[in-house]
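Chains as they are written, first to last, in my numbering: chain R, 1 to 391; chain U, 1 to 348; chain D, 1 to 219.
Calculated from the structure, these hints are not laboratory results.
Heads up, a few of these hints could be off.
Here are the simulated lysine-lysine pairs, DSSO-like style, with alpha carbons at most 27 angstroms apart [to be verified]:
{"#": "1", "chain 1": "U", "residue 1": "Lys299", "chain 2": "R", "residue 2": "Lys52"}
{"#": "2", "chain 1": "R", "residue 1": "Lys202", "chain 2": "U", "residue 2": "Lys87"}
{"#": "3", "chain 1": "U", "residue 1": "Lys324", "chain 2": "U", "residue 2": "Lys345"}
{"#": "4", "chain 1": "U", "residue 1": "Lys73", "chain 2": "U", "residue 2": "Lys41"}
{"#": "5", "chain 1": "R", "residue 1": "Lys318", "chain 2": "R", "residue 2": "Lys185"}
{"#": "6", "chain 1": "R", "residue 1": "Lys74", "chain 2": "D", "residue 2": "Lys182"}
{"#": "7", "chain 1": "U", "residue 1": "Lys84", "chain 2": "U", "residue 2": "Lys73"}
{"#": "8", "chain 1": "D", "residue 1": "Lys182", "chain 2": "R", "residue 2": "Lys342"}
{"#": "9", "chain 1": "U", "residue 1": "Lys299", "chain 2": "U", "residue 2": "Lys41"}
{"#": "10", "chain 1": "R", "residue 1": "Lys202", "chain 2": "R", "residue 2": "Lys190"}
{"#": "11", "chain 1": "R", "residue 1": "Lys74", "chain 2": "R", "residue 2": "Lys342"}
{"#": "12", "chain 1": "R", "residue 1": "Lys202", "chain 2": "R", "residue 2": "Lys295"}
{"#": "13", "chain 1": "R", "residue 1": "Lys318", "chain 2": "R", "residue 2": "Lys342"}
{"#": "14", "chain 1": "R", "residue 1": "Lys312", "chain 2": "R", "residue 2": "Lys190"}
{"#": "15", "chain 1": "D", "residue 1": "Lys119", "chain 2": "R", "residue 2": "Lys295"}
{"#": "16", "chain 1": "R", "residue 1": "Lys318", "chain 2": "D", "residue 2": "Lys20"}
{"#": "17", "chain 1": "U", "residue 1": "Lys69", "chain 2": "U", "residue 2": "Lys87"}
{"#": "18", "chain 1": "D", "residue 1": "Lys119", "chain 2": "D", "residue 2": "Lys20"}
Listed next, the stretches of chain R that the computed footprint assigns to chain U, with coverage defined by at least 3 CB atoms under 8 angstroms from CB atoms of chain U [unchecked claim]:
{"#": "19", "region": "143–153"}
{"#": "20", "region": "219–228"}
{"#": "21", "region": "363–377"}
If you want a taste of the chain R side facing chain U, the calculated C-beta under 8 angstroms gives, among others [unchecked claim]:
{"#": "22", "residue": "Met32"}
{"#": "23", "residue": "Leu34"}
{"#": "24", "residue": "Glu56"}
{"#": "25", "residue": "Arg157"}
Bear in mind that the values here come from a model prediction, so they are computed numbers and not experimental data.
Positions of the beta carbon are idealized from the N, C-alpha and C atoms, including for glycine.
Below are the chains, spelled out letter by letter.
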Amino acid sequence: MTALTERQQLAYANAQAADGRVNLEFETDEGMTLNMGPQHPATHGTLRIVVKLDGEEVISCEPIMGYMHRGYEKLTEVRTYPQVTTLINRIDWLGSFANEVPFILAAEKLMDIEAPPRAQWIRTVLFELSRIANISLFVGDMALHIGAISAAFYAFRDREYVLNQIEAATGGRFHPNFDRIGGLKDDLPKGWIADTKATMEKIRDFCDEMETLVEGNEIFQARTRGIGVIPADVALAYGLSGANLRASGVDWDLRRDEPVGLAWNECDWNVITHPDGDSFARFWVRLQEIRESTKIVDQLLDGLPAGPIMAKVPRIIKVPEGEAWVATENPLGEMGYYVVSKGDLGPFRVKIRTASFNNVAVIPWVTRGVYVPDVVTILASLYFILGDIDR
Amino acid sequence: MSAPIFGIELSYWQETVLRSVGILAAVLLPAGTFVYLFLFKMVSFMQSRLGPMEAGPFGSMQLLAEVGKFLQKEDIVPERADRKLFKLAPYLVVSTVLLVYLAVPFGPEMTFVTNFDGGIFYVLAVSSISALGVLLAGWSSANKYSLIGGLRAAGQLIAYELPMVLAVIGVVIQAGTLNMQGIVMAQADGSIFGFDGIGNPFLLTQIIAFVIFMIAVQAELGQTPFDMPIAESELVTGYITEYSGLRFLLFFIGEFASAGAFAAVAATLFLGGWAVPSAWADLDSAIFNLLGPIIMLTKMMILGGLIFFVRFTFPRFREDQLQKLAWTVLIPISLANILVTTILKVVF
Amino acid sequence: MEETPEAPQVDEARQALVDKLAEELGDAVVEHHIRPGDDVWVRVTRDAWRTAGLVVRDHLNFRYFEFLSAIDWLPNPYGKNEDAPTDPRPEPNTEIVTGYAGGDTRFQVFARVHSLTQKLGLNLKVDLPDDDLSLTTWLPVFAGVNWHEREVHEMFGITFAGHPYLQNLYLPGEFEGHPLRKDFPLLARFVKPWPGIVDVEPMPASDDEAEAETEEAAE
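Here chain R stands alone, though its shape is the one from the complex (with noise of 0.2 angstroms):
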């Protein structure tokens, strides 16, 4: 041992307390503080998450955030709007096409260019793609931490082909960046209709594969059945959103009641909704998504109009001067831009408004009296994406 003096020991430990690592004071009556992360296996990233337990019950959960926070707000400021839409890619890393959608939306709100139809739906398509990509990863990430480790890689490995799918149109897997204001960067490869119905197939497979394997497993039912249950009000109050909302038995889905241009309200799908609120009904309602975005992209590909895919858009991009506001049902929620422009060549503020923000805020209500491994079910539950929290 090093020969600290007790007041140097000391001194050592209240700067690792300071530091947020693990300590071994029990402070019996607040109940011990368990940090989990920002480094562990059980959060999508750097959240770190303060926990105080009185023995394995949770007496009070507070998540701090910022250790990925990019300054998306201040960064769009000194940025055109083509520069921005490369930037706002990285939001949400896995719903790749989807966190663009809105921002271009709002820029042609304001321009008041509509795009073509064609452009139309194959942005929907396109979009529903990520969403399917995004949900099922989730799907196997929920299986993943409640400890059926193999679901995790057949989600994985089925994922792979939505994501060939959107690189062989947008060349790119997790960062496309195709939007363009007024419609979409190129049209679609020789073939990409054919492949992606058949990638869609594997999906479904892919969904019946899970129920089994996952949702009808008896432990998996025990681990999430009534647990962190967010009643309605709660959940509006919050601003939860996508399939949080709707599995706390709220019909809202931007998708089918704020339309915003877009091919959804094209074709015959259902909003999924589930009246119980705890963990299993979000897993059920997302897995039940999956299988209706494979239903969206089916029927929009077959009635892909054709037509040009980018409008009249003059060459240098200056947005008129107002303020607009778009949300989307992106696969974690509901995300949306305001938009303030002042004619410039760049947007003068933009407050993006990301669904994990609002999702992950509700956890020290959702985890009062809990046990810790319900915490990571919950969390696991709600799924959120730390570059959607952080910006």
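Put chains U and D on the given structure of chain R with help from the hints.
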């Protein structure tokens, strides 16, 4: 003092050396095979990937490479850890495994302790020492994750001792002896309701006890669905978190060697151990000193495969659900099993 | 100052919403702007911020909380940070021009709420005077506004009276300054000049010329 082995008279010290080397081989070889076959290859195929392929043909030397890697790592003891207990814990776990193997017969004369009347009683008693090792590891690591893992392990391991013991009692009642060699012989020589074509494997007559025993073994090994003490997605690696290098290797090998040990015990108790039914072959011949270990290894592989197949498929139970399963489901069923076995034994 | 909607399009639902809000809050509703078929902005006075929230949530049934944020209307004194470090810095424009339903102060807090039953969204804005950047918290109205107010506090320096825990959300504890204010420089651009300067090709003289150019390129 010692019976001749293969007709060769050996002095006491020679035989002791042979037996010591033998037990090390008996522990490490199955452990290594388990690791390669199940952890590297079977799980990889289950997860639609290939597993290690570089080290040696089809990755067979991977374990050797990993051993080499662990041996050359820095010896880290956390600053606030209790050094003596921290260093002692892995040895406790590994020595338990060696002690368990001691009582398992691998052939008519291939036993490490000749005519061990304590047999299964000794095995059950000694196997709970590893719980001490786990608790020591968790507590002395000065790490809250390890602490939680150690506490969970303590509760779990103690809770699942009971179903294991009660399941074994059913077998003992049917065999009529605690001696492991005797249990093997009872299965080989016995008959089911007069039909002795396949002997009397307790797998068939004590099927409930078999299921309970395998569940309890899964919990004693700390494998999913009972891997709360490790619970990788919550506790990083639970009570093993602070261990690295040789000590981690000891835990790692200990885990797979325990799996082998319990598989061997289960094979002895339920599948007939090293023997085949006596209707098929003459069990006293010396050839069984060679065939016995091979048969035993095969049966160990089957049961080990079952243990690891379940490990890589199922999610994990929460601690309270785990305890509830043990106390309210497994123990009553095993008690009922004992009752039924006793009645049937007396009647028939 | 009321902006009249375009003559052929009158958004009845939104107009009715604004009327009801004006009825409930009276003088607190200072201004509004409706983009027909799209969106509505309402600016309220500072004192009525919380009352407006409660009215909007309870009486008008806007129960879904989207976000709360702020806008700093000062034009960026550093320009676009696209000039080479050796160029003379352009004259900063200090004229504050606020957007829809805006006043003439530099800082404006705005929140958006949504009604799932009427399928309408509502932007609520409030102006803050430069010398007193504080506002009552919306915590009793929507529980989810907790983190949004913390973020606005650390990014703009606006305090929310009544918020129990106004600590930094993203930035480390010892961070000085409020990054999203326009006078807080984007340090990366000062350290290294921006390589992606857009004005590589000359700007078109007029919009007609640009359209003619794109038409040629399309053919």
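message: Under the constraints set out in the numbered hints, which ones does this structure not fulfil?
response: Violated hints (numbers, rising): 1, 2, 3 and 16; every other hint is consistent with the structure.
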